[in-house]
Amino acid sequence: MSRALTAQAVVPDRSSEWSEFVENHHDATVFHTAEWLSGVETAFGYDPRHVRITDDSGTVRAVVPGVLASEGVGNSVLNPFCEYGFPLIEASVESAAVLSVLRDAGGTRIVKDAGWSGVRGYNHAGYGGVRTGTSIRLSLDRPFSELWESTFEKDVRRCVRTARDHGVSVTEGTVSEFYPLYLDTMKRLGSPQFPERFFSALADALGDSVAVLLAHRGDEPIAGVFLFEWGETTIVWTPASRRAHWEHRPNHLLYVEAIERACAAGRSTVDFGRSRRGSSVHGFKAQFGGFAHPLTSFVAPPHRAGRASLEGYDRLSSITTHLAPIITHPTVGPQLKKLIHE
Amino acid sequence: MNNALLVGLVSVVALAVTTLYWRRRERIVRESLTVSREWEQNTATNTNAATGAERRAAADAARQLDAAVTDIPERVEALDSERRELRRELDAVRERWADSWWVSREATTGSAEPPVRVVAFDRWELPDARAFAKRAMEEECITVVVALGDDSFGVAVGESLRAEFSASEIATRITESVGGGAGGTDGLATGGGATGDLPAACRRVETALRRSDAVRAGDSEGSPEP
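Protein sequence lines correspond, in order, to chains A and B. For the numbering used here, count along the first sequence from 1 and bump the result up by 244. For the numbering used here, count along the second sequence from 1 and bump the result up by 47.
Next comes chain A alone, as it looks inside the complex (with noise of 0.2 angstroms):
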């Protein structure tokens, strides 16, 4: 594809092009949809910055989400709070060119990818490159009874199993109920919070492509997990739980039931979000199988690749603990949670 191509700003809810564009990409993740963005700008008061990147006969050949984010001392053009944030573009089209078209907008553009996306040429086009983490995503080739026999690690099995002779049991639940596990979760790990008109208007925007399940042990909820249940891939977005409650297991229980669930969906993937290798977290998401695909942030131009590094958070993770009180406080933990973008 040798014809020139231009960038256009687009308001994604109001462009069917954008949203017939999305659903017809093989690539396309709901954190590409005019809902998910939609979301993001409302509850945060971001500036749009998206574009879509259209031949000169004005075909659209390509959409880039992207937000305009304040960092103190600069701002920078990410899709923030999510692992992808990497261009669609038609496979007519080469990459490279379209990666070219967005450095040349100006400004600071942070492009979050996945080695699965097939998105090549940031190198050509001029960007530096941040490494994030991986995330685990698990293919669905299989019934679950094969997952669960031959996929999962024998520790799966084992913790599935204390947790529903403990009683436990999962049921789909509200955002409403899911919130104060979530806000007790962001407590325990210093960690700013999003609102919880935020998680509303995802769940209203996106409808059935949003399942919040809850884990009951008795009447009590004691974890819960968001799940995003878009085209052919689950995501688990947010887990959240009680720490007092995981001698019984509630988030194996959880994990496998949103595995059964997209395995009787029909979808293809479950993918486990963003976590550091080596990590805890990476531990627990890797038992479930799958494969860690390399996470990076793509920054143009790339002197400014510092803006897209998430090493400052995991260091001050010792200190944020005790900050707790003050970093999850209803006005401040969100202003936190714009101002950080992650």
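There may be inaccurate statements among the hints.
Stretch-level coverage of chain B by chain A, calculated; a stretch enters the list once three of its residues show a Cβ under 8 angstroms from a Cβ in chain A [to be verified]: (1) 68 to 76; (2) 83 to 89.
A short list of chain B residues far from chain A (calculated; beta carbon distances all over 10 angstroms) [claimed, not checked]: (3) Val59; (4) Ser79; (5) Gly230.
Per the computed footprint, the stretches of chain A lying under chain B, defined by three or more beta-carbons under 8 angstroms from a beta-carbon of chain B, are [as the list claims (entries may be wrong)]: (6) 359 to 365; (7) 369 to 378; (8) 534 to 546.
Don't read these hints as lab results, they were simulated from the structure. Bear in mind that the values here come from a model prediction, so they are computed numbers and not experimental data. Every residue, glycine too, gets a C-beta built ideally from N, C-alpha and C.
Starting from the known structure of chain A, fit chain B onto it as the hints suggest.
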């Protein structure tokens, strides 16, 4: 003089800060471009982008699989499928043999005339019946094992009884009653293709064998050891 010193100091500090800034900036650019270059190499789909080690590993894998490098995914998929099939088969065999232990235990416990034993298994097939009968040849008795999974059977005759009884003759007597075919030796025979009531036919043969003087004699000779 003091002003000159101050200007000099400020200049030195400014120079140091500027130098540090540019050195840091240069390092970030170098490192981030290295990451993006490695990304291109790792996500390359053509074989030209594979490293020598990767190519050697692929060649080794192909040799082990007795396949071309390009056929590796297909061969691995086939092997994986075969592995799963074997696992399922193994599980089924384990269940069958667990059944066999209980059923044969019932068949032998409380039997007044141990030299003849007939056992039937719902899910068994000819290979199971043959394996069971082969093992039963080591016992000093006549064993008829019925595999209802495919209406086949096996007959085993202990060595001390083979002068009087032939496994192949007993098998032929069964097929005369229920149809199908049978064959084997004096010690071990198998049959299949029965169209009649195979368990009933085996019971009739059992009764007939127990009426045999020779069998009763074998029974008395085979009294329990002290």
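Quick check for students: does the CB of Ser79 of chain B sit more than 10 angstroms from each CB in chain A? Label violated. Min Cβ-Cβ 3 angstroms, cutoff 10 angstroms.
Chain A over the region 68 to 76 of chain B, status - at least 3 residues with CB closer than 8 angstroms: It holds: at least three residues are needed, and the region 68 to 76 of chain B offers 3 whose Cβ sits within less than 8 angstroms of chain A.
Count the residues of the region 83 to 89 of chain B with a beta-carbon closer than 8 angstroms to any beta-carbon of chain A: does the count reach three? As far as the region 83 to 89 of chain B goes, the hint holds, because 6 residues have Cβ atoms under 8 angstroms from chain A.
Per the stated criterion, does the least C-beta distance between Val59 of chain B and chain A lie above 10 angstroms, as a non-interface residue requires? Holds, since 25 angstroms exceeds 10 angstroms.
Holds or violated: is the Cβ of Gly230 of chain B farther than 10 angstroms from all Cβ atoms of chain A? holds, 40 angstroms
Count residues of the region 359 to 365 of chain A with a Cβ under 8 angstroms from any Cβ of chain B, then say if the count reaches three. holds (count 4)
Counting residues of the region 369 to 378 of chain A that have a beta-carbon nearer than 8 angstroms to any beta-carbon of chain B, does the count reach 3? holds (count 5)
Is the listed coverage of the region 534 to 546 of chain A by chain B valid when you require three or more residues with a beta carbon under 8 angstroms from a beta carbon of that chain? holds (count 5)
Hint 4 from the list above is the single one not met by this structure.
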